[in-house]
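Now that you have both chains on their own, put them together as the hints suggest.
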Amino acid sequence: MNKEKKSLFGKMDVEARFGLMRMGVAIAIGLGLAVVLIVVAAKNPGESLKYFFAGPLQILNPAVKSGLAWNYFDLWIQKIIPLLFTGSAVCIMFSANKFNLGLEGAIIAGGLSCAWVCTLLDGDMLAANANPVLCVILGLGVSIIAGALVMLVPALLEKFFNASTMVTSLMMNYILLYVSQHCLFATSLRDAKTSKYSNQWTEDVVLTAKKFLGTDFTMRYGFFIGVVIVILAWAFLFKTKWGYKIRQIGQNPHFAKYVGVSVVSLGILVQVIGGAIGGLGGATVILGNYNYYYGIEMTGFGWDGVTMAIFSGNNPKKLFASCAFIAYIRAGAQIMATQPGGPISEMTKIVEGVIILFLLAEQFLARTHRKMIVAEAKKKQALKLAAEVNE
Amino acid sequence: MEDYLVMQDVTKIYNNGIIANDKVNFSAKKGEIHAICGENGAGKTTLMKMLFGIEQPDEGKIIIKGEEMRLNSPTDAIKAGIGMVHQHFMQVPTLTVAENVTLGIEPTKGLKFDHNKAVEMTRECCEKYGFDINPEAHIQDLSVGVKQKVEIVKALVKGCEILILDEPTAVLTPQETKELFIQLKNLKDSGCTIIFISHKLNEVKELCDRVTVIKKGKTIGVWNIKDVTEADISRYMVGVDVDLNIPKKPAEPKENVLVVKDLTVYNEAGKKKVDDVSFSVRKGEIVGIAGVEGNGQRELIDVITGLAKYNYGSVTLMGKEVKDLNIHELRKAGLVHIPEDRNLYGCARSMSIKDNMVADKIANPEYNKGLFINESAIKADTDKWIEEYRVLCDNGEQLCGMLSGGNVQKVVVAREFTSYSELVVSDQPTRGIDVGAAEFVRQRMVEMRDAGKAILLISADLAEIMSLSDSLIVMHGGKINAYFPNVKELTEEDLGFYMLGVKHMSDEEIGAALHE
Chain A
1 MNKEKKSLFG KMDVEARFGL MRMGVAIAIG LGLAVVLIVV AAKNPGESLK YFFAGPLQIL
61 NPAVKSGLAW NYFDLWIQKI IPLLFTGSAV CIMFSANKFN LGLEGAIIAG GLSCAWVCTL
121 LDGDMLAANA NPVLCVILGL GVSIIAGALV MLVPALLEKF FNASTMVTSL MMNYILLYVS
181 QHCLFATSLR DAKTSKYSNQ WTEDVVLTAK KFLGTDFTMR YGFFIGVVIV ILAWAFLFKT
241 KWGYKIRQIG QNPHFAKYVG VSVVSLGILV QVIGGAIGGL GGATVILGNY NYYYGIEMTG
301 FGWDGVTMAI FSGNNPKKLF ASCAFIAYIR AGAQIMATQP GGPISEMTKI VEGVIILFLL
361 AEQFLARTHR KMIVAEAKKK QALKLAAEVN E
Chain B
1 MEDYLVMQDV TKIYNNGIIA NDKVNFSAKK GEIHAICGEN GAGKTTLMKM LFGIEQPDEG
61 KIIIKGEEMR LNSPTDAIKA GIGMVHQHFM QVPTLTVAEN VTLGIEPTKG LKFDHNKAVE
121 MTRECCEKYG FDINPEAHIQ DLSVGVKQKV EIVKALVKGC EILILDEPTA VLTPQETKEL
181 FIQLKNLKDS GCTIIFISHK LNEVKELCDR VTVIKKGKTI GVWNIKDVTE ADISRYMVGV
241 DVDLNIPKKP AEPKENVLVV KDLTVYNEAG KKKVDDVSFS VRKGEIVGIA GVEGNGQREL
301 IDVITGLAKY NYGSVTLMGK EVKDLNIHEL RKAGLVHIPE DRNLYGCARS MSIKDNMVAD
361 KIANPEYNKG LFINESAIKA DTDKWIEEYR VLCDNGEQLC GMLSGGNVQK VVVAREFTSY
421 SELVVSDQPT RGIDVGAAEF VRQRMVEMRD AGKAILLISA DLAEIMSLSD SLIVMHGGKI
481 NAYFPNVKEL TEEDLGFYML GVKHMSDEEI GAALHE
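Protein chains in written order, with my numbering: chain A, 1 to 391; chain B, 1 to 516.
Looking at chain B on its own, in the form it has when it is part of the complex (with noise of 0.2 angstroms):
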């Protein structure tokens, strides 16, 4: 069987001057599940986003059925018969699964949409590779699990050949990740090349023919799957095993910093996110929160960090109604908080590390001589966190933007862990980080564990929260759907189940997460 796709020699160069891609080789063969293995930001992403067409490479050439390509688009690509899904789904929620299947090839009747022929055409599909979906069914009403096999359905009803998958089951519980792997083995038997990427590597042993490993942007080698074992696959990517056994001693919490009492919030459709949800997170403890996305983790952590208000129920922070303050004076209080979005809420790309850093403490006196920024001493004393918290850089003057996601994050975690802090609010501090800057990260919220502050955790990554957590709260369908006050009795498939909402625990042991 000859390579049906071939990425030759790709070379991609990022504005902000990173290479992301150097002279990097990949191909497949037709009906074959090839993974792409890599660390966070080795460059598995942007190797796919050139063969989908959303970036453009510096030098090579993508070769597919044995004719050279240049994909200036997804347009381009989807015409070369080649489909991505992404890790965060691409769909309109108050469509239906057909309309929105059909987005960019709506069957027309004179000048009117056909809705007939749009569910003809998904139902077809789905019969044909076998996909359980109902058409008519509105996307905002499906399970992650489900939007994520319509979004498998657009690619096919486009008539892919090569389908991406990127981190597909990043957001999927165990038991939808089964459901997914039946059928991608299903559409690899009807001819299609699926390109898998994980760095979850059980996953790939258990899927995949073939697995090609980039490192720091580099091919490092292609295996079949057969011949190699998860800790090699491992040791190529990282070069050494990857431990995630953080040392820690028993948490020893004492009284309360937080209080989370009969707390509900609506989002701004109207639609109760958070549904009567009571806990408490003691100083010296780390309490992890999981749940597939979605299921109002989200909207819990924007109320405690001030980013969104609530009317029913009560938050204090150390004894003051959460609602009442600012984030200013939330701050002062003892609240920091590494966003979800570093990009986004965590850091301004167009300042420097240094103003990045000092951005909650720019008005502490000591950073200010009379009207003035006393810039002497912001620069003693970022100089010193940059050492401290290993932000690989120049100098403090060099932009945020410039740095590679692990070292941003390095930044943000070194601004609030440098600040007065009584609770430490960690939502995903991990994600998308190479895996030196994660155990980093993982070792700091320990140490501030121990130094006695109190510790909420969000994490989708399950190995981390059931690692890092000393209890652990499931949340389901806006409810704390159970809690583990001891998290090292816990399995990873029993917590998928607490996850899906297949299995509750009862009031009084939920009740348990409060602590009076």
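In isolation and in its complexed conformation, chain A is listed as follows (with noise of 0.2 angstroms):
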């Protein structure tokens, strides 16, 4: 016998054993589907499969041996500082069984305000020399409380008027999405030069964003604050009195309340932490990546978010292999259709979503389910049979 197996495998308990063997053939399933499309999607597929499978591991970037500042891995981490976010954001509400959806428009929100106050003190409007260090900074924090503000509008609504969260977080996205429309058309925002994007902030501060939130070299700063985020997600829900009423109430929540929990207020505490994180992350992503915001559009990051909780089981420990899966994929199947003769990338979608089906489906892998906790009950009962003889 594999000795080295059985004290990792072995040592799970049915259920934690079960849990990674139904995880590992969910994305089986969704690999191998995302292999066929490959396959009949592309002109050249073998070609293809390399760059999915390999190629934001750099090795194959011609770019590197041409010089070209095209970085593929960057292109993964750049992926991955988004899902830490909202990753975080999400296992926290859904920890306490709070489905507020309204993290799309806790990004919108934080991205814009910080894109306000940088252009703000930094644009013509004040014209003075703004301390660059201290307009990111700002940036950043108004971010956070333009997050939570947004997230404690349905969070209030629930709790005054009985007005259900997933509803009217949903609603708070397209306001959110407006608002933020209006301001790139028709307030100072705007730049007058081009029709889509805000007046781009100067020079100085986008080399203090880029270097204090993502730069050209292979690591960015955001992917720090990302880290930190979810170690700081983890730390509150697993080893602070707070977080550990908030899963009893995810848990059960009748129990929670029979404990002594107040189930409402920390219910509203988890959407405010989630709105802010989103807030947060919403900022990094437009100070990392640009030099002007350019929210017409919904982000996609808040929905990820959820793929995110899903992925992990609400357990933030759990995000940085899920973030570090999705954004390689999403990544690889970029990298992939810049190719001649890629597929699409949108194909990662229907990939993402396949596997997250098997994961939400209950009775998927049941009869086998069923047949290892029978094999590990007789088990048991074997043993302490033998225990019983040698007595």
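Just so you know, these hints were derived from the structure itself, not from any lab.
We put the beta carbon where it would ideally sit given N, CA and C, even for glycine.
Where hints are given, some of them may not hold.
[Stated by the list, open to error] Which residues of chain A face chain B? A partial, calculated answer using Cβ under 8 angstroms:
| id | residue |
| --- | --- |
| 1 | S164 |
| 2 | T240 |
| 3 | K245 |
| 4 | Q251 |
| 5 | F255 |
| 6 | Q381 |
| 7 | K384 |
[Unchecked claim] Quick list of in silico lysine to aspartate or glutamate cross-link-like pairs, EDC-like style, CA-CA up to 16 angstroms:
| id | chain 1 | residue 1 | chain 2 | residue 2 |
| --- | --- | --- | --- | --- |
| 8 | B | K109 | B | E127 |
| 9 | A | K239 | B | D302 |
| 10 | A | K241 | B | E375 |
| 11 | A | K380 | B | D394 |
| 12 | B | K361 | B | E329 |
| 13 | A | K378 | B | D58 |
| 14 | A | K241 | B | E366 |
| 15 | A | K239 | B | E366 |
| 16 | A | K380 | B | D22 |
| 17 | A | K257 | B | E375 |
| 18 | A | K384 | B | D22 |
| 19 | A | K384 | B | D394 |
| 20 | A | K257 | B | E340 |
| 21 | B | K158 | B | D76 |
Written out as structure tokens, the structure reads:
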């Protein structure tokens, strides 16, 4: 017998083992489907598959040899960053059974308010030489508050009017999107030269922000902020009394009420925290990647947060692997799509959807699950019998 | 007479890994009343769930009339002629008896429900088997005893030949039980096979022809009832004689902890459930509340434990009005509560034993270090409690849902009894747990009493409530119907009369429940 394997896999209880197996099978099915889609759609399937599976690892990047700036590994990291923020936010909210889907709105609010602060402090309006570091820090701070406020609206509507958070938070997304569009089209935020984008902030701010939040170097500082947020989210949920109570609500709300947890106020708290993280995430993405604000459509990051929370079972500790995985196949697909004859990158959406479907389908592999439980119970019984005989 | 129903080497393993039935054998003849006895958690209900198609066996065969059957759902079981009366009635309270009885086999006239036909069918069935029920009465207006008869008629109307009764007398008064037994014997004479699950051995002895004893998921044996005594069955069930006599000194009650005064509670439908109730619980005594289920006990306990609000009258705990406190503040004032439904309120099954044990004390300073939880302090205390309360588990990290019912209850009791307490509200503290665990919980309650706590006990188990309580309140129709300052003088039969509302005490006698 393979001893090494037994100590790792055999030590886990049935549920943990089954969970891992189920995840593995779901991912395998998803990736299998990806292969099929690529083979069907690509002009040169072998080449496309190579880029899809190994692209983000940089080895295949022709730019490295030719000295061009396009950096595949960087693309991967860039795609991880928003997932870390939104994943943490949704993990915290879902842990308390708060199915607030307004993260998209919080992200827009964060990006917008941050852009506003930067152009205001920096642009023509103040003319003076505003301190770029102050500008970035203030921008991020304001984004946190904006995100939190956005999420507070559905939370309070639920508390006072018993309005379903799911509905009101979805509506908030659109409200924020239209507010953002209004700002870009009809206020001083608008860049007169182009029709789409905001005024650009000055080179000083761009440099500071990039230094701070993302650079053209292989690592982005926004990534580190994201990592810190994930760690904080985990510590909050699993190492503090508040997080403990929040998880109690999620596991059994009746029990939480009965032991004296204030279900309502903690429910509001998680949404405010989720919004704050979402807002910060939105600002980080804007400042780290652009020198202007572009929010005229939904970012999709809010929904990614839900995907990430499902992947990691609301445990931020597992977010790193989940985010890295999803970002990897997205980056891989994008790199593949840029190659001549490669299929379009939207195919990853199908792959993600399929994986989520199998993760959430309760009856998926139910028979195997039963078999594992029966086998385990019998093994335990035999061990017990043997112990009794020995005595 | 050959065996009509055979369950052969049936094994059932639940998802939490507990082997509920391990190669159980059971058989019944046509026209007999066959008892299945066993401690709570022995696997009786699981066995019957498989016979009724609610659960499917992992191994073994079910043979009915010589034919092997696969029962994948209750529909299959009903087709095979099996009917089941559950502990909790499956009825729609706002519909009439006839409508409930014909649910699932509704007679129709065109597209419409044929009410007259339904009434006719119900009446016919009632007459045939000698049940005295009005088919046009609404379920919500009926007493528990009649509701149970409706449940039996429901099975008979569908042509059932094997009737399973799961603890049918648990909710009945002694008088209603007697009536039920006469009817069951009639059913038997008309050729029906009845499987009677109970742990009340006197009833088994009185009613049944044969008895199968199950212990820890295994068949111990089958006996003709003539050949065994109650003591024999009890020995087969647990291995030792059961003694419900809990050793305890006479109570020494001191000052009031809980005072309920002129309390009236309406439920959400606006129906008066608790009607002008006054009583008090003092330090160092156990006050029992007896009553047939649904006579206001549930609503009364919800109010006392802060789960529900009240508008009329007052409830004070250590001098503080309960209405003004949230549950967190109530617990700080000294309330601990063993809830009736341990799986709904008593624990989070997907959290660890350790987490469940400290659930109400997680914010206490001793379990926190600055911003963070002090894991080592929690582990030290919970490990101690696991040992002290004899929770059978691998370690404190094990999930609560992996434990058997008795051990979950020990976790609940451990959490509540290790918290600061003045008043212990014990709601059905031993329901559905094995004899050993039940005795342990009862002893702990007596210890808590002797340590000067006030204890309010609610239990449907008459033997338990009569042996544990120092004084006893009987509720009927939302009112206090009787108060016994000394339980020792009370007989079970007499208690039954008060529970049914046949006898009433004078206002003066009832008024003694409130100590000034």
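Open item on the list: Tell me the hint numbers this structure goes against, listed in increasing order.
Closed with: Hints 1, 7, 8, 9 and 17 contradicted; others consistent.
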